[in-house]
Each structure stands twice: as C-alpha cells, then as structure tokens.
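As you go down the protein sequences, you meet chains A and G in turn.
Under our numbering, the residue at position 474 of the first sequence is numbered 474, and the numbers go up by one with no gaps.
In our numbering, each residue's number is its place in the second sequence (first place is 1) plus 1000.
These are computed hints drawn from the structure, not numbers from a lab.
Please note that a few of the clues may not be correct.
[Said to hold, decoys possible] Over 12 Å on every C-beta distance to chain A, these chain G residues come out as not near it, computed from the model:
no.: 1; residue: Ala1021
no.: 2; residue: Met1107
no.: 3; residue: Asp1135
no.: 4; residue: Thr1168
no.: 5; residue: Lys1200
no.: 6; residue: Gly1235
no.: 7; residue: Pro1266
[To be verified] Computed cross-link-like contacts, DSS-like style, restricted to lysine-lysine with a CA-CA straight-line distance of at most 30 Å:
no.: 8; chain 1: A; residue 1: Lys328; chain 2: A; residue 2: Lys714
no.: 9; chain 1: G; residue 1: Lys1139; chain 2: A; residue 2: Lys38
no.: 10; chain 1: A; residue 1: Lys53; chain 2: G; residue 2: Lys1139
no.: 11; chain 1: A; residue 1: Lys360; chain 2: G; residue 2: Lys1230
no.: 12; chain 1: G; residue 1: Lys1011; chain 2: A; residue 2: Lys66
no.: 13; chain 1: G; residue 1: Lys1139; chain 2: A; residue 2: Lys12
no.: 14; chain 1: G; residue 1: Lys1258; chain 2: A; residue 2: Lys38
no.: 15; chain 1: G; residue 1: Lys1011; chain 2: A; residue 2: Lys360
no.: 16; chain 1: G; residue 1: Lys1249; chain 2: A; residue 2: Lys320
no.: 17; chain 1: G; residue 1: Lys1036; chain 2: A; residue 2: Lys12
no.: 18; chain 1: A; residue 1: Lys38; chain 2: A; residue 2: Lys54
no.: 19; chain 1: G; residue 1: Lys1258; chain 2: A; residue 2: Lys328
no.: 20; chain 1: G; residue 1: Lys1230; chain 2: G; residue 2: Lys1200
no.: 21; chain 1: A; residue 1: Lys262; chain 2: A; residue 2: Lys461
no.: 22; chain 1: G; residue 1: Lys1036; chain 2: G; residue 2: Lys1104
no.: 23; chain 1: G; residue 1: Lys1177; chain 2: G; residue 2: Lys1242
no.: 24; chain 1: G; residue 1: Lys1177; chain 2: A; residue 2: Lys66
no.: 25; chain 1: G; residue 1: Lys1230; chain 2: A; residue 2: Lys262
no.: 26; chain 1: A; residue 1: Lys360; chain 2: G; residue 2: Lys1139
The beta-carbon is built from N, C-alpha and C at its ideal position, and this holds for glycine as well.
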Amino acid sequence: MAKSRVGIGADKQVIRGSGLMGPRDSGPPMVVDVGEGKIKRIRPLAYETEYDKKDFNVWKIEARGKTLTPPLHAIPGPLAQSYKKRVYSKNRVRYPLKRVDWDPSGAPGSTGPGGRNTQNRGTSKYVRISWDEAAELVAAELRRVGGTYGPEAVFSQADMHGESKHLSPSHGCMNPLLSLLGGYTVQMRNFDSWEGQTWGAKHVWGCEPVGEMAPTSNLYPDIAQHAELLLFWGCDPETTPYPIQGMMSSRLCYWLSEIGLKSVYVCPDLNYGAAVHADKWIPILPNTDAALHLAIAYMWLTEGTYDKDYIATHAYGFEKFEDYVMGKEDGVPKTPEWASEKCGVPEWTIKALARDWANKITSLIHGNAGPGIRGPYSSEPARLEAMLLGMQGLGKPGRHQAKMLEWWSWVGWFPLPFKGIVSPSVFMLTEQVRPVGAHTVEEGMRPSYMGTHPEVVELLKPAPYAPLQLIPRCLVHEAILDPPISWWGLRAFLEPAHEQFTQYTYPAPGCSEIHMIWTDSPCSITCWNDSNTYIRALQSPKIECIVAQHQWLENDCLLADLVLPVTTRFEMLDMGMDTGSGLLMSVFVEDECIDPVGESLSDFDVVVKVAEKLGLAEAYTKGKTHEEKQKLAFDGSGVEDLITWEEIKDKQYYVIPVDDGNYEQPPGLSRFAEDPASSPLSTPTGLLEFSSSALEEHFPDDSERPPVAHWIEKGESHDERLSSERTKDYPLLCMSNHPRWRMHAQGDDVTWTREIPTMKITGPDGYQYEPVWLNPAEAEARGIQQGDIVKIFNERGTVLGGAFVTERLRSGVAYMDHGARWDPIIPGVLDRGGAINTLTPHNVMSKHCTGMVVSGFLVEVAKVTDEEMAGWRRDYPEAFQRDYDLATGVSLSGWLEQ
Amino acid sequence: MAKTFVIDVGKCCGCYNCQLACKDEHVDNDWTPYAKPQPDTGQFWMKIQENVCGTVPKVRMHYIPLLCQHCENAPCIPACKDGAIVRRDDGLVLIDPEKCTGCKDCMTACPYGVIYFNDELNLAQKCTGCAHLLDNGYKMPRCVEACPTDAIMFGEEEELADQIAGATVLQPEAGAKPRVYYRNVPGRFISGTVYDPVEKEVIIGAVCLLTSANHAVETFTDTYGDFWFKDLPAGKYDVTIKAEGFEGKYFSALDTAKDVNLGDIPLTKE
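Start from the sequences, fold in the hints, and give me the full structure.
Below, the structure written as structure tokens:
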C-alpha cells in the first residue's frame, strides 16, 4: 500500500490495527482513507496490495480431502468495521474536565462549598478547564498526596483492555512517572479471562502460565485430521474473538463442520456460535457445569468407558476422585439423576452426551469463556473438565482442549500454523502491571529481544522504583472500605501455580493506604465484581482525588474529579503488528491519520503534560520524539532484517512469510501423552492430578476448593445456587457473557451497532436499554413482553434493561451482557444504562482463590411499571434530565454543567 | 452482462459487517451523483434480517442479508415519474439524487422494502452497489469486501454461474427478476428427542417417518435420540415414530408455518 495510493474521495491512505485488547497485538490491520482531515472509510487490508501471494508461503491444513487456507485479507469484526463512530462519538472527551464540586483546596473529607465532596462522585457534573490547569492540578495532588502519606498512597489502575497500541499504550503510561516520583500502589489484574483455569485447572495439569491446556501448537491441524466431536463448552466463537483478533474463528468453524466434525454446544443460551454452527445444543443452567462433569465421570466409571491404561500411567490421585464420584467419600453417587436436578439437563441427555464423548475422538473448545471462568467456585468445573479430558487420553490425536481465539497463544505456541519465519515483537513503551518489587527487566516481563538493540533497551529501561504494594482488582472496594485485607497469590498477572500459596496483605508493611487514584482503565463499574460497592468505595472521603484519562466520558470516569482527554489510535503515530489474527503475520507503520479530536492527547502525552509540571518531562520522555520512537519500534520489531525502514515506510506494511517449521511442532500435550516420564506436566508430580498434591499440602481442609474437585452447593463465600433460600426472592440465575457488539466496556456508544436488535432495546420512553434475555416462559410468568422496560435486581442493587424474549435462552436464566455504560439514577443502587456488574457477588471466587465472580448469580426480573418509573423521575429528576442522545446513548453533554 | 450478488445464507454468521461497512461508506460521505449521504441511523441499504427458528432446545438461526435486488424488471423504475431511477448497463439500479423529487412512489412499488426515505433531503435512497467505487477501479462493493466468510459474492452473472445454480431469489412471484441470489436458505424443520422414560435413556435408531400429501421421508434418531426433518416447505405433516420394543407414536397435521419442536418424546415399552 504505497504512500501514493489514495482511496476514492480521499487524499491519504494509512493503516491502523483494529484490536482492542490493549497489550501486545494490534489486531487485524485496516486501511483508512482520509479526506479533508476526516476518516472517509475503514476497510480490511488486502495483503496482496503491495506483495505477491507467493511471497507469503501461505499455510494450509489438509484433512479429510479438504484444504483450509487463510483469506488474503484481514477479517476484522463488527466493532472494527464501525470504529469511525467511536472516533467521532458524541461521547468523546474533547477537553480536560473537572468535577464541579471538587475543590482541591478543601481538606480531605470536606463537604459543601470549597470541599472535596467525594460523596457526590457519580452525581455531580463537570466543567471544562484548560490543559494547563488540569496538569497543574494533577501535579499538585501528586505532590501533596505523596508528601503527606508516601508514594504508595497513589494508586495506579492501568491494566488492559483498551485500543492495542505500542508507542503510547492505552494502559500504564502514568506508571513510569509515578515510579520517578518514588513508587506507587499497583492495581493487579486478577486472571479475569481464565479465573477457573488458573485457580483450578493448573492444579490438575499445570499448563503455565494461564492454566488453559498448553502447549497449543498445531491443535487445529490435529483436530481436523483426527477428532470426530467438538464440544463447544460455554464457548462462543462468534463473539469473543471478534474485537481482539477478528473472525478466523468463523471461517474455521464452518470448515470444521464442512469436513464432517460434529459440533455440540453446551451453554445456557443459543449463543451466536451455536446459532449457526451447532449440530446439537445442550442448554445447561449457568455455572452448573461441574455437576454435569461429575455425572459424565460417573457414567464412564460405571460403564468402564474411559482410557484406563492412560490413567494408570498419567494420573495421580485417581482413586480419590473415583471415591468422590461414586459416592464413597460423601455417600452421594454423582449420577446423571443427581446432576440433572442441578444442571437442568435431562438425565437421558446427560447419558447420551457421556457416551458420545466416550465413543468419539473428542476435543473441547473454548473462547476464553466457559464454565471455568467467572462463576462462583469456577475452579471446580475448570478442574473437572481437565480431568475428563484426561480420562479420555488427553494429548492423544484429536483429544485436546483448544481455543477459538488468541491464535498467538502465550509463549510462542500457534494452534494454526501461521507463525512467520520471525515472530515479530513491536515493543510497548510502558508497562501495565509491573509486579511488586520487580526491579529487573526479567521480573518486569520485558520481551526477549531487548538485549540486541541498545537504544531500545535504553528506551525501555524500567523506571527506578517498582511498586511496593498491590491491590487485586477484584478487591479494590474492600481495600478502601475495610482495610486491612489479605488474599492469596496475585503478585503478578500470569504467575506460576505455587505463587497461589503466598498470602499478601494491604496495606503492605511500611506502606500507606491509598488516597489518590490515577486510572486509564475506567471500566470497573461495568466489568468487575460487586461494582455498586466499588462505587461507594470511590465515594469515600479517604480517596481524596481521582484522575481518569480516557477517550470517552463513561463508567468510572463519572466518579473522577479530573478527566483528561485521550486520542484514539487514529490520532497518533504508532507501529503495529498482527501476530494473532491467525491469518498471516504482519508489521505495519501507523502514520499520521487525522488530527486529535478536540484537545485530546495520546496517553503518553497526557502524562508528559503532568511530568512537565513536575520537572520530570525529560526523564519521562527520555528525549525521544514520536517519530524516533516509531523508528526504534521498527528496529526492534524482528522484521528489520527482512525489509528496510524506507521500504516499509513507503509500503506501510510487511507480511511475514510463513515458517515451514510450524508443521513440525507436536500438537498439544501429545508428548506427555506418549511419555509422561520424559515429558512431564508442570504439576508437582508431573502427572495429571485428580487429587491435587499441592492442595493436599497447602489447603487440605478447604471445603471450597478441596484437593479433589467437588461440586460446591454453597459455602462461606457464595450462596448462588437454585437450592438457596435466596431464590424465594431471586429465583433466576443470571448469566453475563462477553458482549457481541462491544469489547467488554468498549464500543457501547456506536450508533450503528446500537441499531442491532441484540445490542439495544429501545424502550417506550425512547431510551436504548441493554437487552435482558428471558425465555418466553419466564417472561410470561412475569407478565413481561418483548421491548418492555424491566428491572433486574438482587440485594446488591437494581439495573434497568429492555426485555428480549427469546427461544435462544433456556428457562431458569436471565442473561445480560456486561459492558453497557453505567447511567446512574442512584449511584451504587439503581442504574439505567445496564451495568449488570453492579449486581455481581462481592466475594472472590472462594477463600483461597482471588478471582472474581461476575456470572452465575441469583437475580429476579420484573416489569417496570409506569408508576415506578414515574416515582424515580419524581425523586431523581437530575438523572432523567441529563442530556441523552437517542442514537449514542449516554453522552458528554449530559454531564457538562450548563 | 449484469452485476449479480450471490448470498450464501449457509455461511452467514450474522456479524453485521456488511450492514456496518455500508454505513461506513455512505454515512457522512457524499457520493453524488451516485448517492447523497445515508442518514446516521434508520436506513439500512444492506440490512441483516434475523430468523430464530424453533423452541428450546431445538433452535437454529439464520440471517438474510437484504439489499436492493437490482432487478432486471425493477418495478421502481416505471414507478418513478421523474425518470430518476435507471438500470445501468452493468445491471446496477441507481436513484439519481439530483432528479428524485421525494414522491415515494418507488418505495410503494418495490416488493422488497429496500428503498428508504431521507426526510432531511426529501429523497429516496438505497443500495448503489457501491457504483462510485466500481467505476473507479474497485472490484467489489463494501459489503462484499467486509464479509468475513465470503458469504456475499459479487460479479458478472457468468462468473458466478456455479453459485447461482440451485440458488433461489426472493419473491419470484413479484416478477421483478432480481439479481440477488440466495443459497442455502433453510426451510422449516420438525424435530424432537425420543427417549425411554423408565430407563431414562434416549432411544437411538428409532425410525421416524414424515409424511404429507406429496412427501414421505424416513430418518432415524441419532446418538442423542434426536431426529430432524429439515428444509420442509410450509405445509401439514404427519410424523410416526417407531422403535423396537416400544409402542409407536403418531403426530398428525403438524403445521410448518412455524418450525416444530416436538420436545422430548417418551415411548412406552410394549
């Protein structure tokens, strides 16, 4: 795509990545036509624009007489395709904002005129201030708070998922500055995408660093050639991958069906993948998968239909597991009858599934979702699934756990054979979640190429002070409201299983509590656990100042005292790479596209503004311009020996030829399957642990995560089953998935997707409500009709939504995606925007598992009566009088003081 | 020679990329004389229609991407008193935004409901096939380019002959000779699960016979006890289920105006 190319109606053509995960990969590359300073169109990049197909050494999978090859153009998802609306959204923050009744001259805890009025966060509006005033205010508060309490009083919330950028990453730009000031407290992200696998499955099969089955090399060639049955267990290949890596999953699913593999979907909803790919849908009640797993194990043990030879050589503790399943341990055999009552699947279907799995060569498919993720006690189903795979010869041909996203995997494994002759690594300029006390490059998890490029090493050298204190993201509210607190594990994001046996406390010895928050990840309200309590925590007078830097005035921004406007990726220079779409790897130059919207600055330059006020600009920037950094990013990218800077600057992208060696990688855990002695797992015994030896040693009496995986009906942490007494008030299990039309909290304001029937439901009042799915029987029992305004609620709060009455959901369930923007009527109590996470459980997954619980909890749904709505309008007029754009939803103008 | 769309419904995953790419091209962009800008919301020159078929747990979905059918006998053309609608030599049907007077007669005449009205501009608007791009060297309209699964194909009729074979058109009875072909549009289904209520087991291999006035199909229950009769025309059907050792079951006059899920069907032992 030579620089001389221009699109119709445009005067310039540039490339941008479209991924929204934040770190590492830029996502599918897009061609952007710019005319008269505006984005005219955004299209997928065709790889052959500047190159010939033969240069790519295109990969293929051959199986059953058919061949799969990747398309020769990027295949982005719908949010990428509509991103122009995101850039020009009416909800863009266009200039620095200050909360009207936050007066920084007020003493901590002060209220009224001249006070800090922290209690009004979420209610009070904003006024425009200058960049100079904003930067001075942030700098002054940093000096004051740090000077008063010590550097750890400043809390950095800087982890995933924003636009995937490198030179000015969406997350962590403030961290080096805070480090230069002496340190900070880091928000450590809990393992939100694989909670169950990390806290559970790792104790079965190791599989560091995540806990999902690994290595993942060549899984799909092997599956295509050998597997017969695919169990999509809580997996939606037509949703979760879209905004991260695009839509290779869609093509792969169609192809696997075409070559004759059967796809069975186990999930409460007919998710978007099941809707078009399923040969069989087994609707299960949310978060009851462990019961179904146990009944399958019971069937296999009873009928002798598991791989006994494999278990004899590959398993540890199998007898204890057998004792539990058969009822010797607790007197309750885990029969299909027992399970059916819990999981809502008919007994005969459970038996049929167990036999189908035993009879056919089966792989389990996930998409960073599924039973092992975010429900109460999700360590248990994640462990059980690993055990079931083990009982059928895990690692033998066609017998794997595989994923429908993250095609690059974690440590250089590629489930599709698309890895290039080099695997590029464009650096990220700042670090998101530097582990506590991590002073060295290695500990900070810096990429491996750093040693070879002195200038890059210098640029990326960690700032002097590592954080000395952390708060797990899922415990921030508790840390603020009820310190001291303690928890297990989570010193770093991605850490080995044995780290789970270390207990941490907050405040850490010698460290202050936090009194100031600087966030570039303002989405906890709509993405994290018990966020109504989180809202109340951030209203605490203890938190004297909250600074948010973000592109859009949404979610946690509405609790901030200062909001700093940030550019999108279209308004800044960058270097990009696509190493994860699963098609072909590429590196691309992201040159000047459009001018910043309003007074926005890149995340990096936002911090520079503050650094200037602190006299630290030179130390922070290391004296490099954006253009110089772009060149350095190329120099360290891994393709610098394959194409010159001049050539890539002209063509703007480079496609990396596929490595023929890809096909030689052993698939999955095949080496372990072949010889566990020479290729052991990373578990303490090296074997598949049906009773965890580590848990036997450290937590032998934990009733919520015992050494042998159990069905946990209830426990001290959670009471969220249909057997609970709470069901007399809250009889439905709430499921909350990855949203189809957003990337978590990203993209809720896109007018074009908001017209899609499953994105928003326009209520009789014209407000676009987040859909609440109900089966027709559940709707009828409550007098609810399609399009009604409904409330979904439990003890923790109430959220309004629009009724979506559908056969795509089984009974017993209410389903609402997370990520809708918070639009408080009563902050911490009642939300109109659809932020379902305000109702999610407070406690972590279980007492030794520091994961969050944001799906599979009890609620009730009711129609909102006209009287009820009229009452809210009367009692909270300011919430209803806020300017609301009928197409965009919550908008900047609604929060500006007129 | 005529530009033709072929849409394989069996490969449409409902991602809406086509609908969104259309908006990306036409909203806020003025391609006069081909088209004036599309309003931000409310118009869908390419529109995904969602179809949810059946009841829990026998539910399937399909999506129909609906756009101007660029008909050979386009009823909108004679309906337009102002001569604003023309069928180009390449087969694309365009509304000239300079000539349209906003009378809406074309909207009434169109059997497919794919012409929209722009109140602000007093103008009828619809899909142009991205003629402004095709006339300037682009190979395909934006919706085709954006389709991740190649479900939407575009080209000369002859080039697409293999795909057109066996495809259908929407409302052929309207006589408009549309140039948009659809493949793999599913018909109705009748389905159920057969089981033994005493043993609490599915019954595999039960013989299921579907009959109607001019239709007789036999199938067997699968490993889940499921049977499916797919792609049925609307009509009345009888279903007989037989399994060795069990009393048979008979369902009469099942109406496939909607898809039919007979649920979990218990068979009594003889």
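Quick rundown of the hints versus the structure:
Interface exclusion of alanine 1021/G from chain A breaks down, the closest Cβ pair being 5 Å apart, not more than 12 Å. At roughly 20 Å from the closest C-beta of chain A, the C-beta of methionine 1107/G stays outside 12 Å, upholding its exclusion from the interface. Listed as outside the interface, aspartate 1135/G is inconsistent with that label: its C-beta sits roughly 9 Å from the nearest C-beta of chain A, within the 12 Å cut-off. Every beta carbon of chain A lies more than 12 Å from that of threonine 1168/G, the smallest distance being close to 19 Å; the non-interface claim holds.
Look at lysine 1200/G: its CB is around 4 Å from the nearest CB on chain A, not clear of 12 Å, so calling it non-interface is violated. Distance check for glycine 1235/G against chain A: the nearest CB is about 22 Å away, which clears 12 Å, and the non-interface claim stands. With a minimum CB-CB distance of about 10 Å to chain A, proline 1266/G fails to clear the 12 Å threshold, and the non-interface call is violated. Restraint check: the Cα-Cα separation between lysine 328/A and lysine 714/A comes to about 21 Å, which is no more than 30 Å; the hinted pair holds.
Of the pairs offered as hints, the one joining lysine 1139/G and lysine 38/A holds, with about 24 Å between alpha carbons and a cut-off of 30 Å not exceeded. Our distance criterion of 30 Å between C-alpha atoms is met by lysine 53/A and lysine 1139/G, whose separation comes to about 18 Å. The suggested pairing of lysine 360/A with lysine 1230/G holds, with an alpha-carbon distance near 25 Å, which does not exceed 30 Å. For a cut-off of 30 Å, the pair hint linking lysine 1011/G to lysine 66/A stands: about 17 Å separates their Cα positions.
Taking the CA atoms of lysine 1139/G and lysine 12/A, the gap is near 20 Å; set against the 30 Å cutoff, the hint holds. Of the pairs offered as hints, the one joining lysine 1258/G and lysine 38/A is violated, with about 48 Å between alpha carbons and a cut-off of 30 Å exceeded. Distance restraint check for lysine 1011/G and lysine 360/A: the Cα-Cα separation of roughly 26 Å lies within the 30 Å cut-off, and the hinted pair is therefore satisfied. At most 30 Å may separate the alpha-carbon atoms for a hinted pair to count; lysine 1249/G and lysine 320/A exceed this at roughly 45 Å.
With a CA separation close to 22 Å, the supplied pair lysine 1036/G and lysine 12/A stays within the 30 Å bound. Proximity of lysine 38/A to lysine 54/A is assessed by CA-CA distance (about 35 Å); at most 30 Å being required, the pair is judged violated. Using a Cα cut-off of 30 Å, the hinted pair lysine 1258/G and lysine 328/A is violated, with the two alpha carbons roughly 50 Å apart. Taking the CA atoms of lysine 1230/G and lysine 1200/G, the gap is near 27 Å; set against the 30 Å cutoff, the hint holds.
For the given pair, lysine 262/A sits about 51 Å from lysine 461/A by alpha-carbon distance, which is inconsistent with the 30 Å threshold. For a cut-off of 30 Å, the pair hint linking lysine 1036/G to lysine 1104/G stands: about 16 Å separates their Cα positions. A distance of roughly 46 Å separates the Cα atoms of lysine 1177/G and lysine 1242/G; the hinted pair therefore is violated under the 30 Å criterion. In summary, the hint linking lysine 1177/G to lysine 66/A is not supported, as the alpha carbons are separated by about 36 Å, beyond the 30 Å threshold.
As the CA atoms of lysine 1230/G and lysine 262/A are separated by approximately 17 Å, the hinted pair is consistent with the 30 Å bound. Of the supplied pair hints, the one linking lysine 360/A and lysine 1139/G is violated, its CA atoms being roughly 45 Å apart against a limit of 30 Å.
Consistency with the previously given hints fails for numbers 1, 3, 5, 7, 14, 16, 18, 19, 21, 23, 24, 26, ordered from lowest to highest.
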